[in-house]
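K.L.:
Sequence:
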Amino acid sequence: MEKADGLLIDTCLLAGRIMMESGSEVYRVEDTMNRIAVNANEPNSNSYVTATGIFMGLKSSHYTQIENVGERMINLEKVEAVNQLSREFAEKKVALTTLYKELKRIDKDTPEFPMMVQLFSAAFLSAFLMLLFGGSWMNFIPTFLIGGIGFLVKSSVKRNFELRFFDTFLTSFVIGTLAFFFTKTSLAVSFDFMCIGTVMPLVPGVAITTSLRDILAGHLVSGLVRGTEAIIVATSIALGIACVLFIFGGLLP
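Using my numbering, you'd call the opening residue of the sequence shown number 319 and step up by one each time.
I should point out that these hints are in silico values taken from the structure, not numbers from a laboratory. Treat each hint with caution, since some may be false.
Pair ranges (Cβ atoms, derived) [as the list claims (entries may be wrong)]: (1) GLN383 to LEU538: 43 to 53 Å; (2) SER454 to ARG405: 15 to 25 Å; (3) LYS377 to GLY452: 57 to 67 Å; (4) ALA535 to ILE392: 12 to 22 Å; (5) GLY452 to PHE564: 37 to 47 Å; (6) ASN359 to LEU557: 23 to 33 Å.
Here are the computed lysine-lysine pairs in the DSS-like style, where the Cα-Cα straight-line distance is at most 30 Å [as the list claims (entries may be wrong)]: (7) LYS422 to LYS410; (8) LYS410 to LYS426; (9) LYS377 to LYS422; (10) LYS410 to LYS377; (11) LYS411 to LYS426; (12) LYS422 to LYS502; (13) LYS476 to LYS419; (14) LYS411 to LYS377; (15) LYS472 to LYS502; (16) LYS502 to LYS426; (17) LYS422 to LYS411; (18) LYS476 to LYS410; (19) LYS422 to LYS472; (20) LYS419 to LYS377.
Cβ coordinates follow ideal geometry from the N, Cα and C atoms, glycine included.
Sequences and hints are given; from them, build the entire structure.
P.N.:
Encoded structure:
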């Protein structure tokens, strides 16, 4: 019995951790964990989820475990995969052991878009956002290039350094420096609009939205943690561009 309870809690905690690390809201994580427990014939379960840790317990056995939540990112593919598995478990299409194994697979091997697709998506997004905010078509190609380079810098720094928020700061600094270069050499006509377009993919819009939804749902701790994290990311972006303006501001046309 204890072994079965342990497997159930391990499964619930794993599902919750994947969802939290992938950017899901707290109330959705708790709902998924509780539904898995109910469908495993454990209606009296308690879950408590924060942005940094997950607690899960079963009243029938007084058995409780804690799971640490690591780095948080936005990966809705994983959230959808966990939700789909949860639905299949509710429909008795998969057993608890299979659910746990599939969750382990999702945690490690969830497919992502190829690197080139992500690169060109970031580049095109930057260029079109620049136009959306009022920039000139003369800035399109420079902004496209800066957006792609910024994505490469962020990916490389995040992969090689464990210092949080440093990747965002360095990326915004590189973006500002490249925008200054293109403007100074007359290859582009607007430093401001290029910076606006290329930093927009860095802005933590999903994190801000999730923070507000958590706060409105009554999960104040998680909402404040995520909101603070989003503010630090936005500050890192601002500091990167501010450093460029401090160094090269007097040379801008």
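K.L.:
Checking each numbered hint in turn, tell me which of them this model violates, lowest number first.
P.N.:
1, 2, 5, 6, 12, 16 and 18
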